[in-house]
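Participant: As a plain string of letters, each chain reads:
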Amino acid sequence: MGQLSAKNVSVAFAGLKALSSVTLDITPGHISGLIGPNGAGKTTLVNVLTGFQMPTEGAVELDGHSLDRLKPHQVRRRGIARTFQGGRLFRDLAVIDNLEVTGVGLGMSRRSAVAEAAAMLDWIGISALGDRIAGTLPYTDERRVAIGRALMGQPAYILLDEPAAGMSSHEAGDLSALIRRIARERGCGVLLIEHNVGLVLGLCDHIVVLDSGAVIEEGTPAAIRDSEKVRHAYMGTAVDTDLPVLEALQ
Amino acid sequence: MTTATVSPLPADLLSSRKPAPFSLARRTIMTPVLLSLLILAIAGLTVLSGSKPFNQAVIDVFVRVTLVVGLYIFIGNSGVLSFGHIGFTCMGAYAAAWLTINPIMKKSALPGLPQWLLETRLPYWQSAFLAALFAGVAALVFGRVLMRLSGIAASIATFAMLAMINTIYSNWEDVTGATSSVVGIPIVRTIWPYVGAAIISIFIAWGHAISRAGLALRAARDEPTAAAASGVDIPRARLVAFTISGAVMGLGGALMAHSIGVVTPDTFYLGLTFITLSMLVVGGMGSLSGAVIGVVLLSALIQALRWLEAGVAIGSTTFGLPKGLQEIALGVIMIVILALRPAGLIGNREITSFRRSSRKQSSQQ
Chain A
1 MGQLSAKNVS VAFAGLKALS SVTLDITPGH ISGLIGPNGA GKTTLVNVLT
51 GFQMPTEGAV ELDGHSLDRL KPHQVRRRGI ARTFQGGRLF RDLAVIDNLE
101 VTGVGLGMSR RSAVAEAAAM LDWIGISALG DRIAGTLPYT DERRVAIGRA
151 LMGQPAYILL DEPAAGMSSH EAGDLSALIR RIARERGCGV LLIEHNVGLV
201 LGLCDHIVVL DSGAVIEEGT PAAIRDSEKV RHAYMGTAVD TDLPVLEALQ
Chain B
1 MTTATVSPLP ADLLSSRKPA PFSLARRTIM TPVLLSLLIL AIAGLTVLSG
51 SKPFNQAVID VFVRVTLVVG LYIFIGNSGV LSFGHIGFTC MGAYAAAWLT
101 INPIMKKSAL PGLPQWLLET RLPYWQSAFL AALFAGVAAL VFGRVLMRLS
151 GIAASIATFA MLAMINTIYS NWEDVTGATS SVVGIPIVRT IWPYVGAAII
201 SIFIAWGHAI SRAGLALRAA RDEPTAAAAS GVDIPRARLV AFTISGAVMG
251 LGGALMAHSI GVVTPDTFYL GLTFITLSML VVGGMGSLSG AVIGVVLLSA
301 LIQALRWLEA GVAIGSTTFG LPKGLQEIAL GVIMIVILAL RPAGLIGNRE
351 ITSFRRSSRK QSSQQ
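Residue numbers (this note's numbering), protein chains in the order written: chain A, 1 to 250; chain B, 1 to 365.
Keep in mind the hints are simulated off the structure, nothing from the lab.
Treat the hints loosely; a few may be bogus.
[Unchecked claim] Which chain B residues face chain A? A few, computed with CB under 10 angstroms, are given here:
1) L215
2) R221
3) R341
4) P342
[What the hints assert, rightly or not] Reference listing, derived: stretches of chain B covered by chain A, where coverage requires no fewer than 3 residues with Cβ under 8 angstroms from a Cβ of chain A:
5) 198 to 212
6) 226 to 239
Built from N, CA and C at the ideal position, the CB exists for glycine as well.
Model the full structure from these sequences, guided by the hints.
Facilitator: In structure tokens, the structure reads:
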């Protein structure tokens, strides 16, 4: 089975180490979680995996082949998709056009791209939003459109950067169901980066915990829930903001 | 290694959703049609008026429509402000001169031209086509380097390109006549070739806007990071627009040469850059309709100011405005419009006969 892997990846910004020898694997059809306190290096790792950040040391490999020196659009064309914190939709374009951009970016004709975009909106359950201008959408719909945009062209891997931020527990439940379907029905390897630790513990097959740029723990949700190191990492930072995290870890 | 995965969804899922052929073209075609009708209406009224000065003034308007639509193709879709496109107009104008001046005149005025070019004399429409091609190829060559840049660096680099082109054309005496006027270009006084060029440029801009490259470029203009993550090769999308717009600017340059019959490098420098950019900004940088309407409105204003500068006789006294007022007025109007409507008069919208689809169309174009 193929795999997307970060192998001993380190990133330094002007002497400050954002990532220290991080190794992580994502497998098609599985949901992996990446958690850690603010500033742990989660988004930096996603940027490395998707070509937005060159690692200072180490490598990113897809099925054993290095992705070094590939630009972000070339990484995407190899089937590695991502979403961003805050959605980053093309705000002046209609929702269906947002999805169509990925289609044409991957080399489809506009006609095939719009057909796949319409089918994708159907699959996610947001067909009614197709003609809406993306900039007018509520926050939660923005997230679902961003996921639909990333799923265009049947990527083998999707990296979701804080997709549940700002969602109510009910909305986060709907999102969980969607992420499960992405892995099961589409066979996509999912990397879920999320502050909602309860969501990650409930969804993921395997979880990696980062703190200060280094992997401090990894394993099954049960192992992460029981880990003293993880609890200590969250308690050692902003205790107030991470109270829900600690509750999820109880 | 996993290759690009662009396999569509299952056929049964797609078939129920497959849009009708050319549906996007049908949904958006009214914009270029209505703009073309506007051009034709102005041309018809001009012919009916029978006034030669008015005919010349309207020819100037149509040349500017071609130029500003050429600017829109790149600036409007990419969001990168280019100060260098008039360089392609210069190249188109001189190419038209090289291809249409009487060979005897060319041999004395431009002896450095290659022999085959010295002996060539083509009809104006053939020279205009070749001038557009020449400028398009030049834009492709310059664009290969420039389109890797973004933001202010790209804008400054395009300005440097304009300065380079101007310097070459101002100093290569045997080929361009340096700063001297190149005369003897056949003047085309009938309005219809200019109407045709303006309409062709409008349809080229529309065709680019509804193309894959056009959609990808507008997405990259709004969210470059997300566009790259969607598989969009941003420098390539920009290069496509830069090349097409360069060719349209070259076409405009050839027409300009045939409308005035004489070219000098300074005709195609900062003054023309300022006026054409003003028209685009005033109309609305993100709209094809804005590009055309900006030209028509500002050209009308410039013409009115010219008449006022020349002086208006009231009784035995002639009242005239100070010379240079038109440039000042243009600057003031641009500042006022930018302050009140930063996206220009038309904004990002397009004119269309279907009100219901106007919002959707603005997203498509």
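Participant: Against each hint, give a clear statement of whether it holds in the structure.
Facilitator: Consistency of the hints with the structure:
1. Hint status for B:L215 relative to chain A: holds, with the closest Cβ pair at about 6 angstroms, below 10 angstroms.
2. With its C-beta approaching chain A no nearer than about 9 angstroms, B:R221 sits inside the 10 angstroms limit, and its interface hint holds.
3. Proximity of B:R341 to chain A is violated relative to the hint, the smallest CB-CB distance being about 16 angstroms (cut-off 10 angstroms).
4. Annotation: interface hint on B:P342 violated; nearest CB of chain A at approximately 14 angstroms, more than 10 angstroms.
5. Given as covered by chain A, the segment 198 to 212 of chain B passes the check, having 3 residues with a CB less than 8 angstroms from a CB of that chain where 3 are the minimum.
6. Here's how the segment 226 to 239 of chain B fares: 9 of its residues keep a CB closer than 8 angstroms to some CB of chain A, so the rule of at least three is met and the hint holds.
Hint violations for this structure: numbers 3, 4, all remaining hints satisfied.
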